[in-house]
Amino acid sequence: MSHTTRGERGEAREELRRDRRKEYLLLVQAVIAVAVVAAIVWVRQAYFV
Amino acid sequence: MNEFWDVMYNVLVVVLLIFVATGAVPVITALVHFVIVPMHAFFNHYGQAEPYFPRVAVMVPAWNEGIVIGATIERLLALDYPAESLRIFVIDDASTDDTPDVVGEWAAKEPGRVFLLRREQGGQGKAHTLNHGIRIVLDDDWAQAVLIMDADVIFTPSSLAKMTRHLSDPKVGAVSGYIAEGSRDRNYMTRFIAIEYVLAQLASRRAQNVLGAHACLAGGAQLHSRANLEAIGGAIPTGTLAEDTVATFESQLHGRRMVFEPHAVVLAEEPGTIDALWKQRLRWARGNVQVSSIYRKVWFRPGHGVHHLGSIAFGASWFSIFLLPFAMILSSIGLVGLLLMQSDLAQVVFRVLWILAALTYIFSMLIGVQLDGRIGRSSWREAFLFPGLVSFVVMIAALFPGLIEDRLPALFGMELLPEGHLALTLFIYLWISIAMLGAWLARVVEKTGVGRVLSPLLTYLVGYGPLLCAITVDSYIKEWRKADTVWIKTEKTGRVLG
Chain A
0 MSHTTRGERG
10 EAREELRRDR
20 RKEYLLLVQA
30 VIAVAVVAAI
40 VWVRQAYFV
Chain B
0 MNEFWDVMYN
10 VLVVVLLIFV
20 ATGAVPVITA
30 LVHFVIVPMH
40 AFFNHYGQAE
50 PYFPRVAVMV
60 PAWNEGIVIG
70 ATIERLLALD
80 YPAESLRIFV
90 IDDASTDDTP
100 DVVGEWAAKE
110 PGRVFLLRRE
120 QGGQGKAHTL
130 NHGIRIVLDD
140 DWAQAVLIMD
150 ADVIFTPSSL
160 AKMTRHLSDP
170 KVGAVSGYIA
180 EGSRDRNYMT
190 RFIAIEYVLA
200 QLASRRAQNV
210 LGAHACLAGG
220 AQLHSRANLE
230 AIGGAIPTGT
240 LAEDTVATFE
250 SQLHGRRMVF
260 EPHAVVLAEE
270 PGTIDALWKQ
280 RLRWARGNVQ
290 VSSIYRKVWF
300 RPGHGVHHLG
310 SIAFGASWFS
320 IFLLPFAMIL
330 SSIGLVGLLL
340 MQSDLAQVVF
350 RVLWILAALT
360 YIFSMLIGVQ
370 LDGRIGRSSW
380 REAFLFPGLV
390 SFVVMIAALF
400 PGLIEDRLPA
410 LFGMELLPEG
420 HLALTLFIYL
430 WISIAMLGAW
440 LARVVEKTGV
450 GRVLSPLLTY
460 LVGYGPLLCA
470 ITVDSYIKEW
480 RKADTVWIKT
490 EKTGRVLG
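Listed in order, the protein sequences are those of chains A and B. Going by numbering that gives the first Met the number 0, the first sequence opens with residue 0, and the numbers climb by one from there. Going by numbering that gives the first Met the number 0, the second sequence opens with residue 0, and the numbers climb by one from there.
Hints listed in this document are in silico derivations from the structure and should not be mistaken for laboratory results. Only a predicted model underlies this, so the values are computations on that prediction, with no experimental measurement involved. Hints are supplied without guarantee of correctness; some may be wrong.
Below 20 Å or equal to it, Euclidean Cα-Cα: the simulated SDA-like pairs (lysine to any residue) are [stated by the list, open to error]:
1. B:K296 x B:G254
2. A:K21 x B:Q369
3. A:K21 x B:K296
4. B:K477 x B:I293
5. B:K477 x B:F321
6. A:K21 x B:F321
7. A:K21 x B:E49
8. A:K21 x B:K477
9. A:K21 x B:G375
10. A:K21 x A:I31
11. B:K170 x A:L15
12. A:K21 x B:M38
13. A:K21 x B:P50
14. A:K21 x B:G254
15. A:K21 x B:R373
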């Protein structure tokens with residue numbers, strides 16, 4: 000393994016934490032997608048059935 | 000006698016309903032996959048990963064890559080990765096252009112970091128070229144990991160370090176990055192491909208991370224631990240057109256975990272014409288036909304302790320794509336059959352199938368355009384026309400009964416006659432199969448004088464999805480006829496972002 004400095008390893012660890020946190024955005028994105036789908040279903044039920 | 004015909008009628012209706020139901024299988028599989036995607040927030044490998052900088056040997060197979068290879072080496076040398084832990088090996092597959100000269104200059108400029116490995120006799124394909132280099136690298140104990148890439152892809156500065164951190168877990172055998180469409184000269188085709196890559200990688204491979212089984216790690220950004228490569232025989236398996244898929248399967252069959260790292264972005268130039276896409280994807284699709292046969296004893300055999308390739312979810316996902324054209328054709332036959340038999344069920348199952356397809360498509364595209372903001376902003380039109388304009392209208396017709404067939408004509412003071420209604424219904428039921436013919440036609444007209452305009456128009460009309468299905472059908476035919484398995488390289492111009 001290479002000789003990385005403590006600073007570089009700390010930075011890499013922080014980046015790992017950041018990327019892990021970014022994955023929680025998937026939940027927000029899914030909620031938005033579900034909300035749009037639900038709105039379409041509501042319009043269908045309200046005006047077309 | 001009448002009773003006999005009643006029974007026959009009912010049997011036929013059931014058979015036709017089963018045909019229609021085959022069309023629902025890929026839709027349900029896709030829906031399940033996209034529902035799994037958000038679970039990646041909790042079920043991922045970040046908890047077991049930590050900063051790790053192993054000595055990496057980068058393998059760059061190159062055949063006539065003179066235009067792109069210099070920039071590729073320059074970008075690799077500029078990676079945010081310890082310089083003493085990175086060696087670049089360009090394996091020149093007997094190029095006839097200036098590839099060896101360009102690489103030779105870099106090797107002289109960066110001794111000990113850039114190496115030229117020359118094959119005097121080439122043309123056997125990427126796997127053979129790679130193996131020439133891998134054998135040399137594994138003969139020496141310097142490399143702790145091997146990065147397999149394409150000569151024309153551009154690794155973003157932090158991408159390699161984001162991939163190596165997963166190898167700190169010895170259970171992980173290989174890691175793949177996100178190959179993002181990055182052509183500088185974009186057109187309708189590269190935008191469709193960009194959306195496809197978001198769906199097939201950022202979404203689908205996250206789901207595969209959760210399921211614990213991977214179909215294929217991107218051949219253009221595949222990082223193997225030395226132990227994994229040695230376990231699968233110290234070489235990339237040859238003999239198929241899908242060497243990256245076979246390497247991914249073999250790694251998992253040997254008990255190692257595969258990880259997709261969505262934040263390791265690698266930019267690639269993609270085909271800008273249907274013809275170039277067709278040639279590239281035909282190779283991939285034929286490779287998948289071969290893989291389906293090679294691993295016939297793996298599919299749908301859950302409960303294997305070492306890997307999850309036999310799980311029902313993974314098998315359903317693989318065969319939903321592999322058999323999608325069959326499902327589309329059977330579904331059409333089922334719907335038309337029910338219509339001709341004057342069964343009321345035709346209308347009901349059509350609505351159920353298409354409403355399910357429409358909601359799945361809207362949900363997956365909304366997730367897709369959010370996963371990569373750059374692609375989402377530039378390619379949202381292609382995202383919404385991915386299944387084609389006609390299918391888009393059919394989905395609206397299924398979702399909102401009466402809107403297309405009654406309310407729209409009424410706006411212009413017109414009314415659809417019963418004959419017109421029947422013709423329209425028949426066309427809609429047949430459309431999912433006709434769309435594949437339309438895609439084939441788009442390729443044919445591309446080579447003509449009007450192709451520049453007509454081909455994109457036809458593609459938007461029939462959709463990019465049916466285009467991929469048409470290529471899959473072509474791959475069945477080529478494999479069935481045992482056509483030559485020539486490894487045709489995708490032409491590149493070297494104009495990649497980054």
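Original post:
Straight-line Cα separation of A:K21 and B:E49 no greater than 20 Å?
Top reply: Distance ~16 Å between A:K21 and B:E49 Cα, so the pair holds.
**OP:** Quickly compare the C-alpha distance for A:K21 and B:K477 to 20 Å and report which way the hint goes.
**Re:** violated (43 Å)
**OP:** Mind checking the alpha carbons of B:K170 and A:L15 for me, to see if they're no more than 20 Å apart?
**Re:** holds (19 Å)
Original post:
Going straight from one Cα to the other, do A:K21 and B:Q369 come out at no more than 20 Å?
Top reply: Roughly 13 Å separates the two Cα atoms, so the pair holds.
**OP:** Compare the distance between the alpha carbons of A:K21 and A:I31 with 20 Å, and conclude whether the hinted pair is satisfied.
**Re:** holds (16 Å)
**OP:** Compare the distance between the alpha carbons of A:K21 and B:R373 with 20 Å, and conclude whether the hinted pair is satisfied.
**Re:** holds (16 Å)
Subject >> Agreement of A:K21 and B:G375 with the hint, judged by alpha carbon distance not exceeding 20 Å >> reply: holds (17 Å)
**OP:** Given the hint that A:K21 pairs with B:G254, test it: the Cα-Cα distance must not exceed 20 Å.
**Re:** This hinted pair is violated, its Cα atoms lying about 29 Å apart.
Original post:
Would the pair B:K477 and B:I293 pass a check requiring their Cα atoms to be no farther apart than 20 Å?
Top reply: It holds: about 17 Å lies between the C-alpha atoms, which stays within 20 Å.
Original post:
Hey, A:K21 versus B:F321, does the alpha-carbon distance stay inside 20 Å?
Top reply: violated (32 Å)
Original post:
Straight-line Cα separation of A:K21 and B:K296 no greater than 20 Å?
Top reply: violated (38 Å)
Subject >> Given hint B:F321 paired with B:K477 - CA-CA distance at most 20 Å >> reply: holds (15 Å)
Of the numbered hints listed earlier, those contradicted by the structure are 3, 6, 8, 14.
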